[in-house]
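Enquirer: The primary structure of each chain is shown beneath.
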Amino acid sequence: MQFDPIYMLTEVIPQLLWGKTFWSTPIVITLTLTILSCVIGNLLALPVAVARVSPNPLLWMPAYLYILVMRGTPLLVQFFLIYYGVRAAIMGLPGMRETWLFPYLRDAYWWAVFALSINTAGYTAEILRGAIQAVPYGEIEAGKAFGMNKMQIFWRITLPRAIRICLPTMTGETILLLKATVLASTITVYEILGWANYIKQQTFRVYDTLIAAALLYVILVFILTRILYWLERRLNRDRLQPPPGAGRPDPALAGATGPA
Amino acid sequence: MGADQSYAVLMSWGDRGWLDEFVWGLLFTLELAIGGYLVGFALGLLGAGAKLSGRKWLVRVGDSYTTIVRAVPELILLLLIYYTGTSTLKAVLVGLGLAGEDLEISAPAAAIAALGFIAGAYITEVLRGAILAVPKGQLEAARAYGMPFLLRFRRILFPQMLRYATAGLGNIWLNVTKESALVAVLGAAPELLTAGKTAAGATKMFFFFYSVTAGFFLLLTVTSMIGLYFLERRLNRGVRRAV
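One line per chain: the protein sequences are E and P, in this order. Using the numbering used here, read the first sequence as starting at 1 and increasing by one per residue. Using the numbering used here, read the second sequence as starting at 1 and increasing by one per residue.
Everything labelled a hint here was simulated from the structure, so no lab data went into it. One thing to keep in mind: the hints can contain errors.
To be verified - One side only, chain E facing chain P, incomplete, derived with CB under 7 angstroms:
{"hint": "1", "residue": "G72"}
{"hint": "2", "residue": "F80"}
{"hint": "3", "residue": "L81"}
{"hint": "4", "residue": "V182"}
Computed from a predicted model, the values in this text were never measured in an experiment. Backbone N, C-alpha and C fix where the C-beta goes; we use that ideal spot for every residue, glycine too.
Let's have the full structure, built from the sequences with the hints guiding it.
Expert: This is the structure we're talking about:
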């Protein structure tokens with residue numbers, strides 16, 4: 001067994017980049033898994049985080065338990081529990097075969113999206129909770145002074161401010177999500193690692209296939225990091241531009257120059 | 001036989017139930033996690049030392065180690081190190097004269113090495129930050145007293161660095177316990193998830209047994225979290241907090 005870079009570049013990597021159809025291409029599956037679960041996960045995280053900071057035990061306790069279970073058990077166990085446990089139970093329900101949902105339920109891909117979404121929702125909710133609690137109270141008081149009601153304060157002040165506070169952490173979480181998509185290969189989804197494993201079994205070439213997959217992830221992580229940094233800078237645009245004529249901030253004036 | 005009773009039988013100790021398999025699995029998971037963590041800690045100290053050494057090639061080695069490990073998904077790294085690591089490690093050990101040609105590296109040992117290699121990159125970053133947080137003047141004072149490097153490290157740097165690093169190191173410990181579940185994909189050791197897979201496969205009760213597996217992992221996490229809380233409190237004794 002040895003590593004042959006030429007074989008890897010000419011035989012393995014093209015198979016990972018060009019599939020039979022666009023949607024069955026390994027790299028496309030990896031990317032859509034990441035994007036879909038990122039969007040769904042973040043949408044799910046919002047109500048969980050709001051429930052988590054609520055003073056009502058009927059709200060914060062379930063949210064706390066959800067976050068604890070999602071963060072406290074391995075993602076691989078969650079994948080197995082959902083795919084082999086929940087999927088079988090739901091597909092075994094009477095009349096399930098006739099519904100329009102059945103083709104989706106049979107497809108491991110959608111279960112991978114589901115598992116990744118609810119998992120990342122747990123992590124993101126915890127990040128959001130910290131950010132919501134870090135919003136300076138003075139800003140909320142200012143909202144009250146303007147006569148805003150609770151909803152207005154939340155949507156106009158707390159949430160936008162919290163999202164800005166946790167952007168760097170969210171960037172890291174999205175990278176982790178991209179890396180976590182490899183676990184979909186364990187439930188028969190042919191994303192990058194899944195297909196690399198398939199080639200490995202066909203050709204008995206261990207190193208070429210695994211290193212090809214590793215290389216693609218390094219490139220994907222690099223590109224995604226760049227995109228997210230760009231997004232981060234864009235969302236914080238107003239705060240990155242130094243005020244006109246400002247040189248090095250004078251420590252003596254700190255706090256007197258408006259919002260930092 | 002009621003449902004409760006059958007679950008009780010399934011989770012009983014001995015030939016008819018699976019409790020013993022799960023408990024041994026839990027112990028094996030602990031073994032993998034502790035082993036991997038210790039290997040990772042050693043690599044982390046070396047890595048942080050290399051990154052802070054100021055020597056160009058050492059810094060570069062340290063940087064590529066942490067960058068690559070953090071960019072490649074853990075499962076791929078685990079598979080790669082598991083397949084290549086055994087032969088490489090054997091060659092190194094035999095080459096250094098530490099072992100004979102007949103050395104056999106066991107599957108769990110290879111899995112521990114792989115987990116440690118991954119954890120090491122994250123520990124490197126945490127320790128690097130913690131070392132930088134120790135006031136420089138104290139190390140200079142120790143040097144002025146004529147303390148040799150190891151004594152400075154043991155008396156001044158290490159105890160203080162550990163305090164700054166506890167939160168990060170605790171998170172990595174929680175991650176290693178969870179990553180050890182990936183060993184089930186290799187089939188290298190009878191750890192918790194492997195026990196769950198065996199039980200679920202034999203009884204076809206997938207939902208039940210994977211829930212039990214998750215429960216055992218949760219037990220491990222919650223116990224660790226409580227332990228870490230007290231550890232952090234002890235290491236921070238005598239330190240005033242701002243808030």
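Enquirer: Indicate, hint by hint, whether the structure satisfies it.
Expert: Right, here's what the structure says about each hint:
1. G72: This hint holds: G72 (chain E) lies near chain P, its Cβ roughly 4 angstroms from the closest one there, short of 7 angstroms.
2. F80: 5 angstroms, holds
3. L81: The hint holds - L81 (chain E) has a Cβ within 7 angstroms of chain P, the shortest such distance being about 4 angstroms.
4. V182: This interface hint holds because 4 angstroms falls under the 7 angstroms limit.
The structure fails none of the hints (numbered hints given earlier).
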